[in-house]
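> Protein sequence lines, in the order shown, are assigned to chains V and Y. Take the first sequence: its letter number 139 is residue 138 in numbering that gives the first Met the number 0, and every next letter is one higher. Take the second sequence: its letter number 16 is residue 15 in numbering that gives the first Met the number 0, and every next letter is one higher.
Errors might be hidden in some of the hints.
Partial pick of chain V residues on the chain Y-facing surface, computed with a CB cut under 7 angstroms [what the hints assert, rightly or not]: (1) 12; (2) 22; (3) 23; (4) 54; (5) 133; (6) 138.
Okay, derived cross-link-like pairs now, DSSO-like style, lysine-lysine, Cα gap no bigger than 27 angstroms in a straight line [stated by the list, open to error]: (7) 15(V) <-> 5(V); (8) 43(Y) <-> 43(V); (9) 52(Y) <-> 78(Y); (10) 120(V) <-> 139(V); (11) 120(Y) <-> 52(V); (12) 78(V) <-> 8(Y); (13) 8(Y) <-> 147(V); (14) 43(V) <-> 52(Y); (15) 154(V) <-> 52(Y); (16) 4(Y) <-> 5(V); (17) 15(V) <-> 43(V); (18) 15(Y) <-> 139(V); (19) 157(V) <-> 78(V); (20) 4(Y) <-> 4(V); (21) 139(Y) <-> 4(V); (22) 52(Y) <-> 8(Y); (23) 38(V) <-> 147(Y); (24) 4(Y) <-> 43(V); (25) 4(V) <-> 38(Y); (26) 154(Y) <-> 5(V); (27) 52(V) <-> 78(Y); (28) 157(Y) <-> 4(V); (29) 52(Y) <-> 139(Y); (30) 120(V) <-> 15(V); (31) 139(Y) <-> 8(V); (32) 139(V) <-> 154(Y); (33) 43(V) <-> 157(Y); (34) 147(V) <-> 4(Y); (35) 15(V) <-> 8(Y); (36) 15(Y) <-> 15(V); (37) 139(Y) <-> 52(V); (38) 5(V) <-> 8(Y); (39) 157(Y) <-> 15(V); (40) 120(V) <-> 120(Y).
Hint data in this document are derived by calculation from the structure and do not stem from the laboratory. For every residue, glycine included, the Cβ atom is placed at its ideal position computed from N, Cα and C.
Protein chains: 2
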Amino acid sequence: MRYLKKIGKLTTITYKQIGIIHTPFTSLENMPIQPGAAKSIEGKIEIYPEYSKGLQDLEGFSHIILLYHFHQAGPSRLKVTPFLDQQERGIFATRAPVRPNPIGFSVLELVSREENILIVKNVDILDGTPIIDIKPYVEKFDHPLGSKAGWLEGKTGKLNTTTADSRFRNNLPGSK
Amino acid sequence: MRYLKKIGKLTTITYKQIGIIHTPFTSLENMPIQPGAAKSIEGKIEIYPEYSKGLQDLEGFSHIILLYHFHQAGPSRLKVTPFLDQQERGIFATRAPVRPNPIGFSVLELVSREENILIVKNVDILDGTPIIDIKPYVEKFDHPLGSKAGWLEGKTGKLNTTTADSRFRNNLPGSK
Chain V
0 MRYLKKIGKL TTITYKQIGI IHTPFTSLEN MPIQPGAAKS IEGKIEIYPE
50 YSKGLQDLEG FSHIILLYHF HQAGPSRLKV TPFLDQQERG IFATRAPVRP
100 NPIGFSVLEL VSREENILIV KNVDILDGTP IIDIKPYVEK FDHPLGSKAG
150 WLEGKTGKLN TTTADSRFRN NLPGSK
Chain Y
0 MRYLKKIGKL TTITYKQIGI IHTPFTSLEN MPIQPGAAKS IEGKIEIYPE
50 YSKGLQDLEG FSHIILLYHF HQAGPSRLKV TPFLDQQERG IFATRAPVRP
100 NPIGFSVLEL VSREENILIV KNVDILDGTP IIDIKPYVEK FDHPLGSKAG
150 WLEGKTGKLN TTTADSRFRN NLPGSK
């Protein structure tokens with residue numbers, strides 16, 4: 000497959016869906032907004048059988064990095080008012096889905112693997128979301144010491160009492 | 000832009016390049032294999048001016064999550080022998096670039112922002128790599144406690160003495 004393509008000044012990058020996640024969340028409204036707020040909620044990742052071999056050895060890791068496509072996100076915006084704030088922020092300074100490239104990122108607890116099926120915990124993801132990559136979470140690679148969280152400092156305490164609403168939803172027929 | 004497209008059984012997802020990173024690494028050989036092994040190496044992320052507004056407020060964060068396209072990776076494989084190991088592992092249990100979707104992920108230190116230019120540190124990325132997304136790193140969201148690193152347990156100590164070689168490189172003319 001050719002990934003990169005130039006169309007005038009625009010370069011596009013094309014990936015393929017490698018699986019799907021099944022979760023209890025069939026509607027964006029009232030969903031947890033981050034894995035930390037979705038404690039103990041389980042999901043089932045179904046990787047398509049043709050990629051099954053690539054999952055070998057993943058079960059040794061307690062956590063995975065999941066990359067997925069926000070398939071129900073509305074059109075991209077450069078400024079948004081995030082769920083945890085009252086003022087507009089640049090989209091790249093937020094985790095909102097209405098990004099120029101609507102790619103979602105979550106660190107999830109891996110409960111088990113059975114061939115091409117992964118059971119994961121702390122799921123903050125909509126049912127039916129397309130999966131594009133899975134990586135092992137490695138604290139030594141992925142956890143910088145002493146990080147500062149900008150406008151989010153002091154606001155993450157509200158995680159457990161803040162849920163999503165429809166502000167980033169698309170309006171296509173069939174969307175909930 | 001329409002992101003999702005169905006072609007028979009295959010669903011493709013098309014994103015756009017939103018910028019480029021400039022780094023000292025013009026060849027895959029001898030590169031650091033993770034940010035932790037690239038301490039103090041600086042890079043310059045140039046986000047295309049049309050997305051500049053989306054970077055507002057990012058400078059409050061000490062670290063960013065960078066998603067990029069491994070443009071020099073060879074064809075995808077489901078089993079690889081990673082740089083830090085002697086035996087084959089499933090690709091999704093590694094961070095190797097020859098993934099079904101060659102998306103790179105690094106947590107980088109953000110030194111400064113000047114309009115659409117970000118100066119970052121601990122860069123383990125090839126010069127000229129296309130950028131597809133930037134997210135703020137938020138410890139509260141992204142750092143699970145007590146994680147276990149599977150086959151990598153006890154092996155990350157070799158990070159600083161292990162560098163990349165050509166095993167995951169493509170063989171296209173012009174690739175180094």
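> Against the structure shown, which of the earlier numbered hints fail to hold, in ascending order?
2, 3, 8, 9, 11, 12, 13, 14, 18, 21, 22, 25, 26, 28, 31, 33, 34, 37, 39, 40
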